[in-house]
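Please arrange chain B on chain A, whose structure you already have, making use of the hints.
Residues per chain, in single letters:
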Amino acid sequence: MEELIYKLKEEIIDVLNLEGMKPEDIDENAPLFGEGLGLDSIDALELIVLLEKNYGIKLKNANEGKEIFKSVRVMADYINEHKTK
Amino acid sequence: MPKIVVTGLGIVSALGVGKEVTLQHLRAGKTAVGKLHILQTKHDELPAGEVPLTDEELKQVIGLPVTEVTNRTTLLARVALKEALADARITPSVCDNIALISGNTVGGMEKSELYYRDFLNNDSRNEYISMHDCGACTEMVAQEYPGQFKLTSTISTACSSAANAVILGANLIKDGMAEIAVVGGTECLSKFHLNGFNSLMILDNEPCKPFDAQRNGLNLGEGAAYLVIETEESALRRNVPILCELSGYGNSCDAFHQTATSPNGEGPYLAMCKALKNSGLTINDIDYINAHGTGTPNNDECEGIAMMRIFGDKMPPISSTKAYTGHTTSAAGSVESVISILALRHQFIPANLHYQSAIEGHTFKPVTEVMENVSLKHVLTNSFGFGGNDSSCIFSAYREQGTEDRIQNSEFKIQKAEETAHSSQLIAHSSRPTYIRAASQISLQAPLSEQWFDAPVIPGTLNCDSQEADYAQFINPMAARRMGKLFKRAIATAVDVLRKGNCEQVDAIVTGTGLGCIEHTEKFLHAMLENDEECLPPTHFMQSTHNTISSQMALHLKCHGYNCTYSHRGTSFDSSLLDVLSQMHLGDIHTAMVCGHEEMTPNYFKLLGKIGYWKQDNCDEATLRRHDSKGSFSGSCSLNLLLTDTASADNLCAIRAMEMLYQPDNEQLKRCLQQMLQGQNLTIDDLSAVVMGLSGDENNDEVYLNFAQQQCANTPIVWYKHLFGESYCASAFGVYTGAVILKKQRIPNHLIYKGVTNEGSPVKHVLVYNHFQNKDHSLILLSSC
Chain A
17 MEELIYKLKE EIIDVLNLEG MKPEDIDENA PLFGEGLGLD SIDALELIVL LEKNYGIKLK
77 NANEGKEIFK SVRVMADYIN EHKTK
Chain B
196 MPKIVVTGLG IVSALGVGKE VTLQHLRAGK TAVGKLHILQ TKHDELPAGE VPLTDEELKQ
256 VIGLPVTEVT NRTTLLARVA LKEALADARI TPSVCDNIAL ISGNTVGGME KSELYYRDFL
316 NNDSRNEYIS MHDCGACTEM VAQEYPGQFK LTSTISTACS SAANAVILGA NLIKDGMAEI
376 AVVGGTECLS KFHLNGFNSL MILDNEPCKP FDAQRNGLNL GEGAAYLVIE TEESALRRNV
436 PILCELSGYG NSCDAFHQTA TSPNGEGPYL AMCKALKNSG LTINDIDYIN AHGTGTPNND
496 ECEGIAMMRI FGDKMPPISS TKAYTGHTTS AAGSVESVIS ILALRHQFIP ANLHYQSAIE
556 GHTFKPVTEV MENVSLKHVL TNSFGFGGND SSCIFSAYRE QGTEDRIQNS EFKIQKAEET
616 AHSSQLIAHS SRPTYIRAAS QISLQAPLSE QWFDAPVIPG TLNCDSQEAD YAQFINPMAA
676 RRMGKLFKRA IATAVDVLRK GNCEQVDAIV TGTGLGCIEH TEKFLHAMLE NDEECLPPTH
736 FMQSTHNTIS SQMALHLKCH GYNCTYSHRG TSFDSSLLDV LSQMHLGDIH TAMVCGHEEM
796 TPNYFKLLGK IGYWKQDNCD EATLRRHDSK GSFSGSCSLN LLLTDTASAD NLCAIRAMEM
856 LYQPDNEQLK RCLQQMLQGQ NLTIDDLSAV VMGLSGDENN DEVYLNFAQQ QCANTPIVWY
916 KHLFGESYCA SAFGVYTGAV ILKKQRIPNH LIYKGVTNEG SPVKHVLVYN HFQNKDHSLI
976 LLSSC
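Going line by line, the protein sequences match chains A and B. Each number in this note's numbering comes from the position in the first sequence (counting from 1) with 16 added on. Each number in this note's numbering comes from the position in the second sequence (counting from 1) with 195 added on.
It is possible that part of the hints are untrue.
Straight line, CA to CA, 27 Å or less: simulated BS3-like cross-link-like pairs of lysine-lysine [stated by the list, open to error]:
id, chain 1, residue 1, chain 2, residue 2
1, A, LYS38, B, LYS718
2, A, LYS101, B, LYS237
3, A, LYS23, B, LYS718
4, A, LYS69, A, LYS101
5, B, LYS938, B, LYS949
6, B, LYS680, B, LYS718
7, B, LYS959, B, LYS939
8, B, LYS865, B, LYS970
9, A, LYS38, A, LYS23
10, A, LYS23, A, LYS99
11, B, LYS225, B, LYS214
12, B, LYS949, B, LYS970
13, A, LYS38, A, LYS86
14, B, LYS949, B, LYS959
15, A, LYS99, B, LYS237
16, A, LYS76, B, LYS718
17, A, LYS23, A, LYS76
18, B, LYS472, B, LYS753
19, B, LYS230, A, LYS74
20, A, LYS23, A, LYS101
21, A, LYS76, B, LYS237
22, A, LYS101, B, LYS718
23, B, LYS959, B, LYS938
24, A, LYS101, A, LYS86
25, A, LYS86, A, LYS23
26, B, LYS237, A, LYS69
27, B, LYS572, B, LYS225
28, B, LYS825, B, LYS801
29, A, LYS69, A, LYS86
30, A, LYS74, B, LYS718
31, B, LYS230, A, LYS76
32, B, LYS237, A, LYS74
33, A, LYS86, A, LYS76
34, A, LYS38, A, LYS101
35, A, LYS69, B, LYS718
36, B, LYS680, A, LYS38
Derived DEER-like restraints, expressed as beta-carbon distance ranges [unchecked claim]:
id, chain 1, residue 1, chain 2, residue 2, range
37, A, GLU26, B, ASN944, 49 to 57 Å
38, A, GLU51, B, LEU315, 40 to 48 Å
39, B, MET673, A, GLU26, 14 to 22 Å
I should point out that these hints are in silico values taken from the structure, not numbers from a laboratory. Glycine residues also receive a C-beta, built at the ideal position from the N, C-alpha and C atoms.
Next comes chain A alone, as it looks inside the complex (with noise of 0.2 Å):
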C-alpha cells in the first residue's frame, strides 16, 4: 500500500506538472482539492485520464471523482479495489 501511494504521488507530480514538488512533499492524507494541494476541475479530469491510463480504471462521469480524489491514500484505495492492470 505504502508504495503505491508513493508512485501515486510521483504520477500525481509528473502529470500535473507540479513543478518543484517531491513526493514527500504531498500528505496522503490532506484534501487534493481546495485547501490542501489546491488542485481544480481540470486536475481531475487529468487525475481521470491517469486512472484510467496507468490502472485501467473507467469513470463515466467526472463526478465520481469526487470521491475518490479526496486524498491520495483514498485514490490508493481505491486503486487497489479496481485496478484492471
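Positioned in the frame of chain A, the structure of chain B alone reads:
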C-alpha cells in the same frame, strides 16, 4: 448612430441546407442529432449533429469539381455564404466596401488529423498543410468571390466566434470602415474536437437535454451560417428587403476559468446587460431568449442564474435549440442568430427538446412545445465560449412598417434612394484620437526591454526561439503548471505593459494569433493518433483553442471587459488593432490591450518549411536583403500594446488612421493611401518613413518593394523582421517599431532598409504597411504626440 439591419441569411447544419428546411424542422420539433456517418471515429457511440452530406455532395451543392482540394469547414462556409449573398442580392457591382468576417476554431484540422503522419514523413499531402489554420478557411472562401470583399478577417473565440463576427461587422459599419458586412462562422466535426470535448467529459452519450435537471453534457454539431448586415440607408438604397434589425450586442469575459462558467454567471450576465444597454431596450422588451443552453451541467446552471439575475420574475420565453443541431461551436453564434431571426420573421418559438424538470435553483422553465402565432418583436441570443468569451446579440423586428411592400412601390423607392444617398456619406471615420501608451515584448530580442532599438541581437539562425523572461515574478507556480511558454509570455507582457503604461485595468483585451498554442495542439493531436482516441489529456485540448491566450490574460488581470481573438494568418494582429480602433472611435472603450502572440515548434517549423515559409540555409542580413530565394527565418513573437484615447506626453505615438484591404491592385492601394493621408491633411512627403515587413522572401519582398516604388518612392524604408523573425503575428512588431521610432525621434541605421533619413529633423509621421502573401494588406498611419 446608424441603424444596422439584416438583409441576408444563409445556413447549413444537421437540419439540412438552407433557411427553408431549417424552418420546417424547427417548426416540426424535429431533431437532427443522431449517429455519426461521415466522420470516421472510434467514438461513434456519441450522438452528434452531422450535416447529412459528404464532402463530394457539398461540392455538388455549390458546383465545385469533386477533385477540388479543400476542407469541410470551408465547404460548409461556402454553402451558407452562397445562400446569404444571394438572399441579400450581393454581387461585386453592388458595393466596393464589403467586409467578410468569419469565425472558426478547428480550421482544417479534419484534414490535418487524417494526414498528419504524411505531413511529417512524406510529401504526398503537402497541399493540405497551408490550409490547416483558421484564417486559411476564410481565405479559401473569399478567393471564390474575386473583387467582392474589401477586407476579410477571421475570429477564433471558440463557441462564441460567430457572435463576435456579428459584433465586429456591426462596429466596422458604425465606424464607417465597411458599408456592408458578411458575418458568421463555420465549423466541421473533427476527431480532434470530438475527442477534445470528450476528454473534458462534457459530451452526453444520449441526446442532450438543455436546462433539464438530469442533463449530462452536450452533443457536438457542425455547420455554418452567415448574415449580411448593413446600414438601413444602404439597404433602402439597394432596395433589398430588410429582414430585421440588429439592435444591440455585447461581449464580456467571465475571467473565471478556462472551461467553466462562474457560479453566478458573471460573464453571461455582463454580455446580456451590455447587449440590452447597446440596444436601448429594457428587460420587458425581450420576447424570446435563444439561450446558449449546451446541456452541460455547468453552462445551463450558470446561464440560467445569469438570466434570472437580469430578468427576475419577468423571464421571457426561453429555449435552447442545441438539441436540434448539436452544438455547432464556432458556427453556433450565427446558426442561432439565423434561427432567432427565423423565429422573429415567422412569429414562432422553437421548443427546447428533451426537457423534463427544472434545475435546482432555477425559477423558470424553457418552452417545451413549439409555440406558433406569438408576437415577437425583440429576440436575444446567447453564445458563450471557452475562456469565458461571452457574447449576446439582440435582433428586432424592423421598426419601419411595411418595408417589403414599400420596395414594390418603385416611385417611393426612387425618392427614398435619393434621400439616403446623402445620409450614407455622413458615416465617415470618426476623428476620436487613439494613442499607443506603452508596449512590452518577448521575442528574439532582450525580453521586456527596448534594448533592440540601440543594441539589437542579430539572430541569423533558421529557427530562433524567444529569449524568455523571468516568469516567476509574474505568475505563481500553481497557475504556471499548465501553461505553455506562449501563455507565460502573454501574461508577462500583459502585466509589464500595464506597469509601463501606469494603468491598472483595461476595457478590452484583443489578441491576434495565427496558430494559438501550436505546442498543445500538436501534443493533443499526437496523443490522439498514438493512443487511438483513448486516454487523452484535457489540458492539451483546452490550451489548443486559440482564444485561451486572450482569456488567460483576462483571467490573470480579472478583466471582464471586451475580449476577442483573431486568427487571420499574417494579419491576425492587424485585425485585432482594427477591432480596437473601431470601438475606440465609437467611444465604447477607452483603454485596450492589443496583442500579437505566436510560437513555433520543431514539427510545425518543419511543415511550414516544406511549403516554402523558411529559408533552408543561411539567414543573415545580406541574404535577406538579396531576397532572391523563397522563405525567411522564423521567429516567435509576443507583443502587447496598451492603447488609450487619452492624450499624454507619455504616449509613444498616435494612431491616426488604419485600413485593411483584401487583394487590392496598385490603384486601390494608391487611392486608399491618398484618402488616408488627405483625411489627416497630409501628403506622401510628410512621411518620415514607411515601415514594411521585408523578410527576405522573394515574393513577399517584391510586393513591398513594388508598393514603395509605386506609392512612396522617396520615403526611407524601415524593416524589422531581420531582428524579430517572420511569424503570423510579426506585423505587430512593425507597429511597435514605428511607435518607438516616433517616441525616440530617430531611426537607428540598423533599422533602415533603404533610403536616407535627415538626422536631427523631427520624425512626425510613419506609415506601417503589412501584407500577407499579397492577399490581406494593412496600412496604419502613426504620428508623433
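Verification of the supplied hints:
no., hint, result
1, A:LYS38 / B:LYS718, "holds (25 Å)"
2, A:LYS101 / B:LYS237, "holds (22 Å)"
3, A:LYS23 / B:LYS718, "holds (25 Å)"
4, A:LYS69 / A:LYS101, "holds (9 Å)"
5, B:LYS938 / B:LYS949, "holds (21 Å)"
6, B:LYS680 / B:LYS718, "holds (14 Å)"
7, B:LYS959 / B:LYS939, "holds (11 Å)"
8, B:LYS865 / B:LYS970, "holds (16 Å)"
9, A:LYS38 / A:LYS23, "holds (11 Å)"
10, A:LYS23 / A:LYS99, "holds (14 Å)"
11, B:LYS225 / B:LYS214, "holds (15 Å)"
12, B:LYS949 / B:LYS970, "holds (24 Å)"
13, A:LYS38 / A:LYS86, "holds (19 Å)"
14, B:LYS949 / B:LYS959, "holds (19 Å)"
15, A:LYS99 / B:LYS237, "holds (24 Å)"
16, A:LYS76 / B:LYS718, "holds (24 Å)"
17, A:LYS23 / A:LYS76, "holds (24 Å)"
18, B:LYS472 / B:LYS753, "holds (22 Å)"
19, B:LYS230 / A:LYS74, "holds (23 Å)"
20, A:LYS23 / A:LYS101, "holds (15 Å)"
21, A:LYS76 / B:LYS237, "holds (17 Å)"
22, A:LYS101 / B:LYS718, "holds (25 Å)"
23, B:LYS959 / B:LYS938, "holds (10 Å)"
24, A:LYS101 / A:LYS86, "holds (22 Å)"
25, A:LYS86 / A:LYS23, "holds (17 Å)"
26, B:LYS237 / A:LYS69, "holds (17 Å)"
27, B:LYS572 / B:LYS225, "holds (25 Å)"
28, B:LYS825 / B:LYS801, "holds (15 Å)"
29, A:LYS69 / A:LYS86, "holds (20 Å)"
30, A:LYS74 / B:LYS718, "holds (22 Å)"
31, B:LYS230 / A:LYS76, "holds (20 Å)"
32, B:LYS237 / A:LYS74, "holds (16 Å)"
33, A:LYS86 / A:LYS76, "holds (18 Å)"
34, A:LYS38 / A:LYS101, "holds (25 Å)"
35, A:LYS69 / B:LYS718, "holds (16 Å)"
36, B:LYS680 / A:LYS38, "holds (23 Å)"
37, A:GLU26 / B:ASN944: 49 to 57 Å, "holds (56 Å)"
38, A:GLU51 / B:LEU315: 40 to 48 Å, "holds (45 Å)"
39, B:MET673 / A:GLU26: 14 to 22 Å, "holds (19 Å)"
When each numbered hint is compared with the structure, no violation occurs for any of them.
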